[in-house]
Each structure stands twice: as structure tokens, then as C-alpha cells.
Amino acid sequence: MRLVVICIGRLKQGPERELAERYRERFEDIGRKLGFRGLDIHEIAESRARDTAARIAEEAAAISALLPEKHALVALDERGKSIDSATFARQLGRWRDEGTAHTVFVIGGADGLSPELQRKALLRIAFGSATWPHQMVRVMLLEQIYRAATILAGHPYHRA
Numbered sequence: 002m003r004l005v006v007i008c009i010g011r012l013k014q015g016p017e018r019e020l021a022e023r024y025r026e027r028f029e030d031i032g033r034k035l036g037f038r039g040l041d042i043h044e045i046a047e048s049r050a051r052d053t054a055a056r057i058a059e060e061a062a063a064i065s066a067l068l069p070e071k072h073a074l075v076a077l078d079e080r081g082k083s084i085d086s087a088t089f090a091r092q093l094g095r096w097r098d099e100g101t102a103h104t105v106f107v108i109g110g111a112d113g114l115s116p117e118l119q120r121k122a123l124l125r126i127a128f129g130s131a132t133w134p135h136q137m138v139r140v141m142l143l144e145q146i147y148r149a150a151t152i153l154a155g156h157p158y159h160r161a
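Numbering-wise (the working numbering), the sequence shown opens with residue 2 and increments by one.
Worth flagging that the hints you see were computed from the coordinates, not collected in a lab. Fair warning: this is a prediction, and the values are worked out from it, not measured in the lab. Any given hint might turn out to be false.
[Stated by the list, open to error] DMTMM-like mimics (lysine to aspartate or glutamate), calculated; alpha carbons at most 25 Å apart, straight line:
#1 121 to 98
#2 71 to 52
#3 13 to 112
#4 71 to 41
#5 121 to 19
#6 34 to 52
#7 71 to 29
Whole structure, please, built from the sequences with the hints as guidance.
In C-alpha cells:
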């Protein structure tokens, strides 16, 4: 299974990009041994449309254009479920074991994801009830993906 992260907004050079890349590289190292075929990150420029509905629609169209044919969609949404790391790892492992070709994580723009993308998501997750900057959500997601791989591998990184 290949993992894909689609993000509205770009990470500038700096500590957030370095940390995100560190977790992506760590996942690549351990993920191959677990049957994961890689982790791709696609950045989409934020829409410049004047009204909220138009921005959400433009961003949804750009996200949809990047979705592979066979995928499990996971939406990062402040109103999503708060799940623990072990549950997250089990779900990734289940999709991998079921032969899911791609698991796609989507981080929307400042106005959120379109209702259509939210409906298509097999899982909507939140990192708590606080609102987080998109840069931080990406870093936290990549860390959780890496942590999930270590849990699946029985590696001591996750000490729960």
C-alpha cells in the first residue's frame, strides 16, 4: 500500500519542513519492511477565490484531481474522531492487509474540506478539539504515520 498526503498550502523552508521530512524519511525506512510502498506528499496552492464556497470548491477540485483510482480517503478535520495511535496503526495495517492500493490523507485549507470530500472519507480524524495551523497538522500527521509503522513493527518508539 502506498500512502499519499495531499495538503492545501506549502511548507516554507524552515523547522516545520525539516521535521516533516524527517518523519517522512523515517517512515520510508521502516515502512518498506512492513509492505508499504512509500509516502508521497502533494502540496496544492491555496485558492485565491474571494468567497469561501468558491475557495472550498477550487481546492476540492485540485484535491480530487490527485486522488488515485483505488484509495481509502482519510480527512483531517477538526470535527473528526480523536483516535489513539494504536487504533490509527491498526486501521493502516487493516487497509494494507486488505490490499488497499492507496491510503490518502487530505489536509484542507483554512476554510476546511468540501462536504463531498468529507462524505467520501472512510475516516475523519482530528488531533484534539483545538484548531491547529496546517503546517503543524502536517507534521503531526507524518509523526503519527511513522509512529503507526513502529507500532506495526513492534519497535519501541511507541511506549504505551
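Each hint, compared with the structure:
1. 121 to 98: holds (21 Å)
2. 71 to 52: violated (32 Å)
3. 13 to 112: This hinted pair holds, its Cα atoms lying about 20 Å apart.
4. 71 to 41: holds (15 Å)
5. 121 to 19: Not satisfied, since the Cα-Cα distance of roughly 31 Å exceeds 25 Å.
6. 34 to 52: violated (46 Å)
7. 71 to 29: holds (21 Å)
The structure fails hints 2, 5 and 6 (numbered hints given earlier, in ascending order).
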